[in-house]
Each structure stands twice: as C-alpha cells, then as structure tokens.
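Engineer: Listed below, chain by chain, are the residues.
2 protein chains.
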Amino acid sequence: MKLATLKDDSRDGCLVVVSKDLTRCVKVPDIAAHLQGALDNWDVSSPKLQEVAKQLENDSSYGEKFDQSAAHSPLPRAFQWADGSAYVNHVELVRKARRAEMPPSFWTDPLMYQGGSDSFLAPHDPIRMADEAYGIDMEGEVAVIVDDVPMGAGTDQARDAIRLVMIANDVSLRGLIPAELGKGFGFFHSKPSSAFAPVAVTPDDLGDAWDGAKLHLPLLVDYNGAPFGKANAGIDMTFNFAELIAHAAKTRPLCAGSIIGSGTVSNKLNDGPGKAISEGGDGFSCIAEIRMIETINGGKPVTPFMKFGDTVRIEMKDANGASIFGAIEQTVQKYTPKGA
Amino acid sequence: MKLATLKDDSRDGCLVVVSKDLTRCVKVPDIAAHLQGALDNWDVSSPKLQEVAKQLENDSSYGEKFDQSAAHSPLPRAFQWADGSAYVNHVELVRKARRAEMPPSFWTDPLMYQGGSDSFLAPHDPIRMADEAYGIDMEGEVAVIVDDVPMGAGTDQARDAIRLVMIANDVSLRGLIPAELGKGFGFFHSKPSSAFAPVAVTPDDLGDAWDGAKLHLPLLVDYNGAPFGKANAGIDMTFNFAELIAHAAKTRPLCAGSIIGSGTVSNKLNDGPGKAISEGGDGFSCIAEIRMIETINGGKPVTPFMKFGDTVRIEMKDANGASIFGAIEQTVQKYTPKGA
Numbered sequence: 001m002k003l004a005t006l007k008d009d010s011r012d013g014c015l016v017v018v019s020k021d022l023t024r025c026v027k028v029p030d031i032a033a034h035l036q037g038a039l040d041n042w043d044v045s046s047p048k049l050q051e052v053a054k055q056l057e058n059d060s061s062y063g064e065k066f067d068q069s070a071a072h073s074p075l076p077r078a079f080q081w082a083d084g085s086a087y088v089n090h091v092e093l094v095r096k097a098r099r100a101e102m103p104p105s106f107w108t109d110p111l112m113y114q115g116g117s118d119s120f121l122a123p124h125d126p127i128r129m130a131d132e133a134y135g136i137d138m139e140g141e142v143a144v145i146v147d148d149v150p151m152g153a154g155t156d157q158a159r160d161a162i163r164l165v166m167i168a169n170d171v172s173l174r175g176l177i178p179a180e181l182g183k184g185f186g187f188f189h190s191k192p193s194s195a196f197a198p199v200a201v202t203p204d205d206l207g208d209a210w211d212g213a214k215l216h217l218p219l220l221v222d223y224n225g226a227p228f229g230k231a232n233a234g235i236d237m238t239f240n241f242a243e244l245i246a247h248a249a250k251t252r253p254l255c256a257g258s259i260i261g262s263g264t265v266s267n268k269l270n271d272g273p274g275k276a277i278s279e280g281g282d283g284f285s286c287i288a289e290i291r292m293i294e295t296i297n298g299g300k301p302v303t304p305f306m307k308f309g310d311t312v313r314i315e316m317k318d319a320n321g322a323s324i325f326g327a328i329e330q331t332v333q334k335y336t337p338k339g340a
Numbered sequence: 001m002k003l004a005t006l007k008d009d010s011r012d013g014c015l016v017v018v019s020k021d022l023t024r025c026v027k028v029p030d031i032a033a034h035l036q037g038a039l040d041n042w043d044v045s046s047p048k049l050q051e052v053a054k055q056l057e058n059d060s061s062y063g064e065k066f067d068q069s070a071a072h073s074p075l076p077r078a079f080q081w082a083d084g085s086a087y088v089n090h091v092e093l094v095r096k097a098r099r100a101e102m103p104p105s106f107w108t109d110p111l112m113y114q115g116g117s118d119s120f121l122a123p124h125d126p127i128r129m130a131d132e133a134y135g136i137d138m139e140g141e142v143a144v145i146v147d148d149v150p151m152g153a154g155t156d157q158a159r160d161a162i163r164l165v166m167i168a169n170d171v172s173l174r175g176l177i178p179a180e181l182g183k184g185f186g187f188f189h190s191k192p193s194s195a196f197a198p199v200a201v202t203p204d205d206l207g208d209a210w211d212g213a214k215l216h217l218p219l220l221v222d223y224n225g226a227p228f229g230k231a232n233a234g235i236d237m238t239f240n241f242a243e244l245i246a247h248a249a250k251t252r253p254l255c256a257g258s259i260i261g262s263g264t265v266s267n268k269l270n271d272g273p274g275k276a277i278s279e280g281g282d283g284f285s286c287i288a289e290i291r292m293i294e295t296i297n298g299g300k301p302v303t304p305f306m307k308f309g310d311t312v313r314i315e316m317k318d319a320n321g322a323s324i325f326g327a328i329e330q331t332v333q334k335y336t337p338k339g340a
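If you're matching them up, the sequences are chains C and Z in order.
Residue numbers for the first sequence follow full-length UniProt numbering, beginning at 1 and rising by one.
Residue numbers for the second sequence follow full-length UniProt numbering, beginning at 1 and rising by one.
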C-alpha cells in the first residue's frame with residue numbers, strides 16, 4: 001500500500017491512498033483526515049486503507065490524478081525524527097573530511113541524533129537558505145515510520161513496529177557543523193528542515209527488496225541533472241532499522257508516527273572509499289563524501305557545496321524500473337527573512 | 001488564562017480552561033479538542049478560550065473540579081522540544097563536574113539541544129528507568145510554547161510569538177551523558193521523557209513577574225519532601241526566551257506548538273557557585289549542581305543521584321503564595337521492559 005499527503009489549507013495535509021504506479025490517488029476522509037491520524041490508530045485504519053488500495057489496483061478508472069508536486073512530505077510535521085548513521089562508511093569519511101577521529105565503538109554502537117520534526121519541507125519545495133556559506137548539502141537516506149514502541153524494546157519488537165518506509169533528503173549545513181558539534185550538544189542549526197519523497201510505502205509492498213529491516217535497492221541521487229549517486233541501501237548498512245529503532249527506544253518509548261532515519265546511504269568500493277559514477281563507481285548520496293574522496297586523491301576538496309540554483313533529485317526504482325516513492329526534487333534558493 | 005490537558009482515551013488528551021486558583025476547569029470541545037489544536041489556530045481559539053476563562057472567574061459555581069493528578073503535560077506530545085541552557089552558571093558547574101572545559105563563547109552564543117517530544121510524562125507520572133546506574137537527575141526549568149516563528153526571526157518577532165509559559169522537569173541521565181556527548185551527536189539516551197506541570201499559562205496572567213522574555217519568580221524544587229532549590233528564574237538567565245527562540249529559528253521555521261526550554265534554572269551566589277538551602281543559599285534545581293559544589297568544597301560529590309523511591313516536586317508560586325502552574329510530583333520507579 002502506498003500513502004501520500006496532499007497539500008491543503010491544513011497543517012497536516014490530506015491523506016490519500018496512491019496507486020502502485022503513482023498515477024492515481026483517493027482521499028479517505030472517512031478513514032483518517034491525515035497520516036498521523038491513521039498512524040494513531042493503525043490497527044483500525046490500516047485494513048480500511050488496504051481495501052481502498054486494492055480497489056485502486058482493480059479499477060483503473062478509480063481515483064483522481066496523483067500529482068507529486070502537490071504532495072507534502074507524507075508527515076508534514078511529525079512528533080519525532082531520530083536519524084541514525086547506519087552506513088558507518090559515511091561517518092568515517094565525513095569525520096576524515098573534518099579531521100575528527102572516529103572511535104572504533106562506532107562500528108558496534110549506533111550513532112543517532114534527535115532531529116527537528118516540526119517543519120519538514122515538501123518533496124518539491126525549494127531548500128531556502130540565507131547564505132551559501134552555510135555549506136548546503138543533501139543527504140539521501142531511507143527512513144521508516146514506526147507504531148508505538150515501548151521503552152526497552154528488543155530488535156524483534158522494533159522490527160514488528162515498522163509501518164511505512166520512505167526516502168529522505170536530510171539537508172545538512174556542513175559549514176555550521178564543526179562549530180556546532182564543538183559546543184557538545186549535537187546538531188541544531190546545521191540540520192535544517194528535511195524533505196521526504198511524496199509516497200510512503202508499507203513494507204509488504206516492497207517485495208523481496210525489503211528483508212524486514214533493510215531495503216536492498218539503489219538510492220538514485222541526481223545532482224544538477226546528472227547521476228551523482230546510486231549506492232545500494234542494503235549494502236554496508238552496519239545497523240539495520242530494527243537495531244536503530246531499539247537504540248532509539250532504550251530510555252524512552254517512541255510514539256506512533258516517529259520517523260527513524262538510516263543516515264546517508266553510502267557504499268564502500270572493494271573495502272575502500274567509494275568512487276564517482278563517472279569513474280565507474282556507485283557515487284555518493286551527499287557532497288561531503290565526494291569532497292573527502294577528492295581530498296584523499298588530490299589533497300583538497302574540489303566539488304563545492306550547493307549554490308543557489310543547484311538542484312537535487314532523489315528517487316528509488318523497483319526491479320522493473322518503476323519509481324517506488326516518487327521523487328524528491330529540490331532547488332536551492334536564497335532566503336531573505338521578512339523585515340530583514 | 002490557564003490551560004491544562006486532562007487524560008482521556010486519546011493520545012492528545014482533552015483541553016480544559018482552568019480557574020486561576022486551579023480548583024475548577026471547563027472542557028471546551030467546541031473550541032478545540034486538544035491544546036495542539038488550539039495552538040494550530042491561536043488567533044481564532046484564543047479569544048474564545050479567554051471568554052471561558054473570564055466566565056470561570058466570574059462564576060465560582062461554573063466548571064468541574066480540577067484534579068492535577070488527572071492531568072497530562074499540557075502537550076502530551078509536541079512537534080518540537082528545543083531546550084536551551086540559558087543559565088550559563090549551570091552549564092559551567094556541570095561541565096566542571098564532568099571535567100569538561102567551557103568555551104567562553106558559551107556566554108554569548110546560546111547552547112541548545114533538540115529533545116525528544118513524542119512521549120512526555122504526565123506531571124504526576126513516575127519516572128520509570130531500568131537502572132539506577134543511569135544517574136537519574138531532575139532539571140527544574142521554565143519553558144514557553146510558541147506560535148509559528150519564521151526562519152531567521154529576530155528577537156522582537158520571537159518575543160511576540162510566545163503564547164504560553166510552563167515549568168518542566170527535564171529528566172536527565174547523568175551516567176549516560178559523558179559517553180553520549182563523546183560520540184559527538186548530542187543527547188539521546190541521556191535525555192529521556194520530560195514532564196511539565198499541569199497548567200500552561202498565558203503571559204498576561206503572570207503580571208509583573210513576566211517581563212516579556214523572563215519569568216522573575218523562584219522555582220521551588222523539593223527533593224524527597226525537603227526544600228532543595230528556590231533559584232529565581234529571572235536571575236542569572238544569560239539568554240532570555242526571545243533570544244532562545246530566535247536562536248532555534250536561525251535555519252528553519254518553528255511550527256506553532258514548539259516548546260522552547262530555559263535549561264536548568266540556576267543562580268550564582270555573590271558571583272560564586274550556589275549554596276544549599278540548609279546553608280542559607282537558594283539551593284539547586286538539579287542534583288548535578290550540588291554534587292559539583294560538594295566537589296569544590298570537599299574534593300568529591302556526596303549526594304547520590306536519584307534512587308528508586310525518591311521523589312521530586314517542582315512548583316512556582318506567585319507573590320501571594322498561590323501555585324501558578326500546579327506541581328510536578330514524580331517518583332522514580334524501577335522499569336522492566338515487557339518480555340525482559
């Protein structure tokens with residue numbers, strides 16, 4: 001089953017069930033006004049939503065046209081966005097890039113930060129920033145939405161709580177990270193609003209690509225219209241989603257609708273760092289990684305971070321080449337605060 | 001105007017308007033089902049809620065009995081909980097306690113962490129933890145709930161966005177903090193669910209005690225039935241709420257209903273560290289501070305962190321000795337995960 005949220009005049013948008021081919025959708029006000037409402041009562045809402053999804057597949061005249069650019073992130077705002085760093089290769093490269101050492105425990109103890117979840121960007125919204133000097137970067141990720149998870153849940157309980165799978169652009173401001181992490185309290189300014197692809201998908205819809213805790217497909221990242229990354233989200237994921245969720249729930253319960261992210265998808269190449277697609281590699285899901293590779297190979301980074309006007313597209317396709325989640329398509333734009 | 005949220009079978013509870021003396025309340029389903037709903041549309045809901053509040057004061061037979069122990073935190077779950085460290089004295093002492101140096105920029109650049117906001121404790125709920133070795137501590141704080149704040153808002157805009165004032169217990173797990181901060185991504189396990197006193201109050205209701213961005217009253221913290229802290233929240237607050245909110249909104253907008261915390265209220269004494277109430281001082285709003293003072297005075301901390309069965313009570317009284325927000329009353333209890 002595929003679900004999306006259309007923009008309307010409400011803060012949480014309008015929940016729709018979307019056809020598998022992403023062409024049609026149906027509003028379901030009698031089941032739930034918005035996705036958080038459906039998640040608040042998933043045992044009741046989910047079978048009803050599945051019925052609508054079945055009808056959409058059986059009757060090609062049913063529903064209205066689904067327009068990805070009219071969609072919010074599936075949860076326009078959420079009660080939690082906890083983002084892991086499951087691809088430890090990415091962490092190691094980014095740390096090297098900012099000359100910070102990586103403790104060996106990072107291979108056994110998941111790294112996770114509490115992200116802001118009150119104001120996500122829509123998947124086709126611009127990334128508006130006041131200053132290019134912030135070092136604007138994309139981070140292509142996989143994320144899951146969970147049901148209620150009790151404090152201290154084990155990995156089996158955590159795996160069973162996964163309700164929906166999404167892909168994300170966890171926008172990062174690299175120029176602000178070193179000083180902010182130096183303060184010791186983690187990211188705040190350096191992690192502005194994230195965006196999620198238009199459609200959230202139930203695990204059963206992913207077929208063999210979903211093993212219960214990992215998604216085994218390439219994450220396609222295009223930067224300014226050219227292929228930039230196609231790292232496989234099922235490869236080099238040191239901590240799977242069950243482990244990330246259990247980690248998040250160690251000292252407090254997670255409310256239904258909490259989003260848990262994978263961190264930037266990143267593949268090693270023959271046990272070394274990755275390689276650009278143009279050089280026969282699988283590329284990168286963020287600019288910070290290619291800058292690190294450039295530093296390793298040539299002594300300094302060459303690729304700049306995103307400038308106003310730059311575009312990023314993030315998508316994932318199934319074995320038949322069909323888009324699963326729809327696409328994140330964002331352009332970086334100059335932001336001027338009102339009154340400034 | 002005073003607002004509270006009664007526990008019911010819903011996730012967000014039932015919004016009530018509470019009489020100034022905290023004895024009576026009125027449900028307002030025709031105005032808003034829950035507090036987040038009222039905040040989502042404050043311009044419309046607020047005058048209607050004010051009407052009910054006026055009626056409650058004018059007619060002492062109006063409303064039902066208000067029972068603090070039946071209350072949730074005013075927002076049982078929120079879209080954001082961003083907690084500052086405005087009382088830099090606290091930060092300096094806690095850092096000294098864990099032998100971490102404090103950069104001088106901490107006096108000019110606010111420290112703030114992104115907290116979990118999906119599963120707050122009710123004000124009279126127990127603090128349930130698996131292990132006393134986590135180093136369970138209370139942190140008495142002031143917090144505000146804001147309306148929408150655009151990205152890049154200045155301090156005037158930030159001040160104008162303050163809708164409600166609360167007091168909080170930002171439960172902290174001191175034993176987990178050093179290792180977690182050492183990982184570089186900020187707090188996660190070490191900041192479990194926080195609790196807020198039963199009643200949220202509009203700034204106009206605080207009279208002269210509220211100067212627009214600071215609350216000039218002592219925060220009364222009782223530990224195991226004895227006075228432990230009475231630090232004045234208006235003193236030694238290096239960054240006021242307008243500055244904290246503007247800081248939070250630097251690179252992203254804040255959604256209506258976002259909660260911004262002050263950090264542990266902490267007063268210096270004659271420009272030195274504080275002193276216990278039993279020794280004539282204003283005491284402490286967390287155990288970590290008294291342990292630091294003990295270390296300064298005697299070479300090592302004496303007061304242990306909270307054990308199962310320990311209780312904490314946090315309250316604030318107006319000039320006439322009347323409770324403003326009601327009281328946080330929590331007991332630490334052993335938690336055993338289901339199936340463990």
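Some clues are possibly wrong.
Identical copies look the same in the list; a pair holds intra-copy or inter-copy alike.
As the list claims (entries may be wrong) - Derived pair list, reagent style DSSO-like, types lysine-lysine, alpha-carbon separation capped at 30 Å:
id	residue 1	residue 2
1	Lys-183	Lys-300
2	Lys-20	Lys-317
3	Lys-54	Lys-317
4	Lys-20	Lys-275
5	Lys-334	Lys-250
6	Lys-96	Lys-183
7	Lys-300	Lys-334
Don't read these hints as lab results, they were simulated from the structure.
Engineer: Take the hints in turn and mark each one as holding or not.
Structural biologist: Here is how each hint holds up against the structure:
1. Lys-183 / Lys-300: Both: 26 Å inside a copy, 26 Å across copies.
2. Lys-20 / Lys-317: The answer is within: 12 Å in one copy meets 30 Å, while 58 Å across copies does not.
3. Lys-54 / Lys-317: within (21 Å within a copy, 59 Å between copies)
4. Lys-20 / Lys-275: neither (33 Å within a copy, 65 Å between copies)
5. Lys-334 / Lys-250: Classified as between; 14 Å across copies, 40 Å inside a copy.
6. Lys-96 / Lys-183: both (19 Å within a copy, 15 Å between copies)
7. Lys-300 / Lys-334: within (27 Å within a copy, 53 Å between copies)
Checked against the numbered hints given earlier, the structure breaks only hint 4 and satisfies all the rest.
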